[in-house]
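J.: Model the full structure from these sequences, guided by the hints.
Going by this note's numbering, the sequence shown opens with residue -16, and the numbers climb by one from there.
Because the hints were derived from the structure by calculation, they are not lab data. Hints should not be assumed to be uniformly reliable.
[Stated by the list, open to error] Calculated cross-link-like contacts (lysine-lysine; reagent style DSS-like; alpha-carbon spacing at most 30 Å):
#1 K290 <-> K308
#2 K211 <-> K49
#3 K211 <-> K308
#4 K290 <-> K211
[Unchecked claim] Label pairs and their calculated CB-CB ranges:
#5 S84 <-> R277: 42 to 48 Å
#6 P(-3) <-> R277: 25 to 31 Å
#7 G103 <-> S1: 33 to 39 Å
#8 D102 <-> E303: 27 to 33 Å
Owing to the predicted nature of the structure, the values given are computational and were not obtained by experimental measurement. C-beta atoms are modelled at their ideal positions from N, C-alpha and C, and glycine is treated no differently.
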Amino acid sequence: MTQPVPMTELWRGPLLESLHLGHAVICDDSGQIVHSWGDPNAVIYPRSSAKMIQGLPLITSGAAAKYGLNSEHLALACASHSGAHIHTDRVTAWLDHLNLSEHDLRCGPQEPQDMAARDGLILADDTPCQIHNNCSGKHCGFLTVAQHMGAGPEYLEIDHPVQQACLSAIEETTGETSPAYGIDGCSAPNFATSLVGLARSMAWFASAADRSDRASDAAQQLTAAMIKHPELVAGENRACTELMRAMEGRAAIKTGAEAVFIAIIPEKRMGVALKITDGTTRAAECAIASILVRLGVLEAENPATLKFMNAIQYSRRGLECGIIKPAPGFPG
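T.: Encoded structure:
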């Protein structure tokens, strides 16, 4: 089947109010498809779900070791953070460590998703800066690699050594030649790949402990950092953070804009990639949770799971009014 399939439903009272279709793939450590829904060959932009791939050059280049980066730095390099103080304080310290400043970032300013941080800016009559950008950790990683390479400051240009290293990492781990790139919300190039290619890359990360090469060691470090610091990868009340906590180290997961989601499952040597075609985040969160439950690494009745899958919807007065749940037969 090459058409997207029903993955997530939103019911209000007795009626199906919204139906979200998508594609998803699970690959094993050989890169083969274990299961797929819809079109595994659908070409997508992975958006922020590929940040751990973009983080590989940070380690393989020797930059992380040279600058003494720890697991918190690596988690932030993979993060789409909420702009809370636990994120922005660490990004500021990272820039200081490089003898750089917010002005050296190229990600653009963004209002923090964290309410306390947002309210703090309002009370201080201040405005968001680039450090609040959810991708500022990734950009600190780019700057670290650029400084280590002695490359120029415009690290987002497509022919810059940093972006060429990211392209090589994408193509090597997906096993594909990227057919195109687009500009992400943070202004960085985002290299397209097929959904199966993305799942294959995540399975490569998941099986990294079976290999001894430098890139695989980097993949282990990045996966471990995400699992160790779920609060840095996203933030409180966010799906990535809450579901990783609920899985207690069994998997690393990462969202991407426009309803992309990946999972790295080391104990099963499997990788997962999915895309909801209408770009709705709530649908992708429900879909990835349902796949993780099916694979046995997430408990269906865990309170964190129930925030995103089989999630009761309430009115603003607290009246139960609907539910977000997997579509019948998905994931099977």
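J.: Does each hint hold? Answer for all of them.
T.: Against the structure, the hints:
The suggested pairing of K290 with K308 holds, with an alpha-carbon distance near 10 Å, which does not exceed 30 Å. Under the criterion of a C-alpha separation no larger than 30 Å, the hint pairing K211 with K49 is consistent with the structure, at around 22 Å. Distance check on the hinted pair: K211 and K308 sit about 29 Å apart at the alpha-carbon level, within 30 Å; holds. Between K290 and K211, the direct Cα distance comes to roughly 22 Å. Compliance with the 30 Å bound is thereby established for this hinted pair.
A beta carbon spacing of about 46 Å between S84 and R277 agrees with the range 42 to 48 Å that was offered as a hint. In this structure, P(-3) and R277 meet the distance hint of 25 to 31 Å, their C-beta atoms being roughly 27 Å apart. Taken as a hint, the range 33 to 39 Å holds for the pair G103 and S1, whose Cβ atoms sit roughly 35 Å apart. About 29 Å separates the C-beta atoms of D102 and E303, a value consistent with the hinted range of 27 to 33 Å.
Every hint from the earlier list agrees with this structure, and none is contradicted.
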